[in-house]
Amino acid sequence: MIQRIDNRFTGILFLAIGMFALRGAIAQDEKPVAPVGRSYALTHVNIIPSPGKKIEKGTVVMKDGLITAVGTNVSIPSDAIIIKADSMYVYAGFIDGLSRTGVTKPKDEPGQPRPKDPGNPPAERAGITPQNDVRNWLNPSEKSVEELRNLGFTVSQVVPYGHFLPGTSAVILLSGKSSDEMVLVDQSGLYSELTGAQFIYPNTVMAVMAKWRDLYRNAMLTKNYQAMYAANRNALLRPQNDRIQEAFYPVIDQKIPVVFKAEGLLETQRVLTLKRDLGFSLTMGDLREGFLIMDKIKSSGAKLFLSLDLPDEGKKDDKKPKDKKDSVKTGTKPKTALDLEKEGLEKRKKESIARLTAQAAEFSKAGMVFGFSVLTAKTKDIPANLRRMIAAGLTEEAALTALTTAPAKLLGLDDRLGTIENGKIANLVVSDKPYFNEKAKVRYVFVDGNFYQLESKSPAKPDGKTVAKGNWSYTTETPNGSNNGKLTIKDDNGNLSGIIINSMGKETELKEVQLSGNTLSFTFEFSMGGNTQKVEVSVKIDGDTFEGTLSPGKFGNFPMKGTRDPK
Amino acid sequence: MKKILLLLICFFGLSAQAQDKGSMLIKNGTVLTVTKGTLPETDVLIKDGKIAQIAKNISAPQGVKVIDAKGLFVMPGIIDPHSHIALDAINEMTSPVTAEVAESDVVNPLQINIYHALAGGVTTIHALHGSANAIGGQCVTLKLRYGTFSLDAMRMEGAPRTIKFALGENPTRVHGGGSNIVPRTRMGVEFVIRKSFSDAKKYREDWDAYNKSKLVKGFRGAPPAYNLRLETLAEILKGNILIHCHSYRADEIMMLLNVCKDFGIKKITFQHANEGFKVAPELAAYGAMASVFSDWWAYKFEVYYSSAYNAAILTKNGVVTSVNSDDPEMMRHLYLEAGKTQKYGALTDEEALALITINPAKQMGIDTRTGSLEVGKDGDVVIFKNHPLSIYGVPQFTIVDGIVRFDKANDPADMRLWADPKQNLEEATFYEKGTDHCMDGTEFLFTSDKK
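Residue numbers (this note's numbering), protein chains in the order written: chain A, 1 to 567; chain B, 568 to 1018.
Just so you know, the hints here were simulated from the structure itself, not pulled from any lab data. If you're wondering where the values come from, they're calculated on a predicted model, not measured in any experiment. We treat Cβ as the ideally placed atom computed from N, Cα and C, and that holds for glycine. Incorrect hints may have been included.
Quick partial rundown of chain B residues pointing at chain A, CB under 10 Å, derived from the structure [unchecked claim]:
1. Lys-623
2. Ser-626
3. Glu-667
4. Gly-704
5. Ala-792
6. Ala-817
7. Asp-818
8. Met-822
Once the Cα atoms are required to be at most 25 Å apart in a straight line, the calculated DMTMM-like pairs of lysine to aspartate or glutamate come out as [as the list claims (entries may be wrong)]:
9. B:Lys-989 with A:Glu-362
10. A:Lys-365 with A:Glu-477
11. A:Lys-342 with B:Asp-987
12. A:Lys-342 with B:Asp-978
13. A:Lys-335 with B:Asp-981
14. A:Lys-378 with A:Asp-565
15. B:Lys-989 with A:Glu-477
16. A:Lys-296 with B:Asp-615
17. A:Lys-296 with B:Asp-987
18. B:Lys-989 with A:Asp-214
19. B:Lys-989 with A:Asp-565
20. A:Lys-561 with B:Glu-798
21. B:Lys-769 with A:Asp-309
22. B:Lys-989 with A:Glu-343
23. A:Lys-296 with B:Asp-773
24. A:Lys-275 with B:Asp-773
25. B:Lys-975 with A:Glu-343
26. A:Lys-275 with B:Glu-724
27. B:Lys-781 with A:Asp-214
28. B:Lys-975 with A:Glu-341
29. B:Lys-989 with B:Asp-974
30. B:Lys-989 with A:Asp-117
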């Protein structure tokens, strides 16, 4: 048994800055509804009916949400609204394999006491709610629906918020006026993440995996017994209703897959371990490091959606030293061993970034079928990320396949989605240049035959003034998991001050609060067990959000994000 | 050459060859077999990962790599019976009994500690659950096949299942002190273990009865509820899972021996056992084993009383004894730790080397495969410059399954398998935080904010 104060202290530290917090309800913008009309003809357009094919100057006719005619010699019905798309490009609407698009995040319930027996918490606290259905949280006016649709996505497989076993997923159309209207396939899969509960069972990944096996095997036994009971109920003990177990039945029957978030190399393998042990059919989403264990993934037969998130490309201004003193030094002195070591480490980072960017290309070259998922991708980065993947060796055709025909097939919807063909659902994206061209802009999107016209926005005006003052909700990622809290910044004639509030509701005064340009920085201290730790925070404010890092000294740097609370 | 090796690792990985076995001939070394004496100027031939021949003047089969070990010492790969490296989770501290959780699920083959351990001649480790719980999780025996990205490829295939138990201050302060549940005292720890075994016995009986009646034609009836925790505990009672118990005091060691006796459990190793020397004859009589630190104690109250002669006294009393690290740094010089027993207790070379080779292998149930240089055993070998028990001993090559995993002359500065783009440069290479602690993950209980 070893004890080191450092590590004990780290744990305390993360707890102290760890927070649960109310997330302000997100204001819902009332958008004008897109023009209503169920018959359209898109004319003089370059049609890409499926990856690798092209019809020049063609017409696509849609009626009542279905594609009714495609080609160059097509008669346009008299009731059709004609949309001239001269020299534009039309593709089948894109499909996202895993996200929370249109899903409302339930409010956190702060300040819940730790259960009396943390080893045996209520199922909900443990994250075991597989009986929940994402349809209960679907909201067509969530901003994420419009944002993703504006990129040309028309369909998402969406999952509830939560961890471990949050509920069943659904395949939705990014259009519709109500939850039910959006749904294309309900209960498309049972969603799971290998994430434990904080300070209660199952807390660690190993306990989550153990509990997974326990739940699944119990469900199998109960299911069999229920079948025996149904066949002849006389003189048999009545099986109890159990919604948690029943949620596994369609998985056991192989009617639906388990949809797992499987980001990293190790997480992916742990998911595969569960599949191997229990034998369910598996869909893995948000894959990032699968290329390191390609054979293992291939032989598992799992359905794959690769993450559309990529790491930042890294600093481009490496050559420019930060201040002049350094430049004089480096200009005259030979590189030190430390410089060389840093260069070497930096180089390895870049190699990693290059490989992560090339994941889709590697999968494609290995002949694997995959779609994409946007779960953790920043929506605005998606087109650029696709271009980076293409630059790293993914062919445009393969990229389009992964956005259209492949996910349609993986979701079992290729009879209705993925190509521009008669009889398919009228999901289309129209761009003014070929989609993967850097200058291309999406002009029109059709979802389920509903027409959306994108206004070409002028670049956002820099209003020059960043406001730090106000109430913020923040999230940090530490080795102890994700934590939420509150931050209040006051501005007294340019003198900034503020407080930070942790999960226990403990307030700590901020020091050295400064706003320079759009960078807000401050420090705070806390004491625990005779130790005092200074924590430095630096974030960049972009309107009503911020992003940056939280640095508790030698313990490292951790990402911190925030949003301004609604007034 | 270094660069090329690194590039190969970076770009192709060694995953394809991870489970591969290598062949090589180690020529003219002083072979310390541990179990069959010391053989001067002798060759060791490894074929497809297994030791094929130990003799003088073996001629190299065609295409087999030859290592000239003239003037060097060849010994079996070092085995650390108590480690927490290469794991992503150590304590499931939410319950005093968590037999169902398994470290094999959370192996992390990327940790740089693994390579550091190889540099200290370690080829096999017993990666343990922490000591927060009276009955903790199942442990995993790993071969240090550093270079693989595959979590499965690290596991020593066919090694017996083992489980971590813990007595004394750790479980009582985590659960009694931290969560205000049983156990609060040493009596409570005994109660928790006895109750778990009794529950498991009942569980097994219920299932056996159900399985038996199921065979009767026309049987109709409900199965007992499946419970992975009780399943696992029942396997301990059957003797299919070996117990490794964190313990310090002689009284608590005797307590658990009595519990084992009552439930018919024969295979147990006491980890740490700083007061093991007080009950050495009793341990030997029961066939219980002990895994100790060479000279480390007084880091908390219950471990105030100990002795650097512990390992020697246990050994002389016939207890199968090993020396462990419980720490990634100490793991890199277990041969020195073993050497200390020659200063404190005058153990022979073979007795001292056994503490870090054949004895831990026996405790982990892998002694037919590793722990000594014998024909038919795994090709896990360390080649030392100077005798490994001398303070001048330095590992030159560490070989796992006939594949060189550490070569001192060819040791690139950055041996990480994967560089995380999000990681700070300063944290990149040397130290893995939070991966080496018996009590990892429990810290929050000991703060004033715990509620």
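Between Lys-378 (chain A) and Asp-565 (chain A), is the straight-line Cα distance small enough, at 25 Å or below?
-> Measuring from Cα to Cα gives roughly 21 Å; hence the hint holds.
Would you check whether Met-822 (chain B) satisfies its interface hint, that is, whether its CB is within less than 10 Å of any CB in chain A?
-> Violated. Min distance 18 Å.
CA of Lys-989 (chain B) to CA of Asp-974 (chain B), is that 25 Å or under?
-> violated, 30 Å
Lys-342 (chain A) and Asp-978 (chain B): Cα distance at most 25 Å?
-> holds, 18 Å
Assess, step by step, whether the Cα of Lys-365 (chain A) is no farther than 25 Å from the Cα of Glu-477 (chain A), and give holds or violated.
-> violated, 35 Å
Would the pair Lys-275 (chain A) and Asp-773 (chain B) pass a check requiring their Cα atoms to be no farther apart than 25 Å?
-> violated, 29 Å
Mind checking the alpha carbons of Lys-975 (chain B) and Glu-341 (chain A) for me, to see if they're no more than 25 Å apart?
-> holds, 19 Å
Classify the hint on Ala-817 (chain B) as holds or violated, based on whether any CB of chain A lies nearer than 10 Å to its CB.
-> Violated. Min distance 17 Å.
Lys-975 (chain B) and Glu-343 (chain A): Cα distance at most 25 Å?
-> holds, 24 Å
Between Lys-335 (chain A) and Asp-981 (chain B), is the straight-line Cα distance small enough, at 25 Å or below?
-> Between Lys-335 (chain A) and Asp-981 (chain B) the Cα gap is close to 18 Å, so the pair holds against 25 Å.
Are Lys-623 (chain B) and chain A close enough, Cβ to Cβ, to be under 10 Å, as the hint says?
-> violated, 43 Å
Straight-line Cα separation of Lys-275 (chain A) and Glu-724 (chain B) no greater than 25 Å?
-> holds, 20 Å
Checked against the numbered hints above, the structure violates hints 1, 2, 6, 7, 8, 10, 18, 19, 20, 21, 23, 24, 29, 30; every other hint is satisfied.
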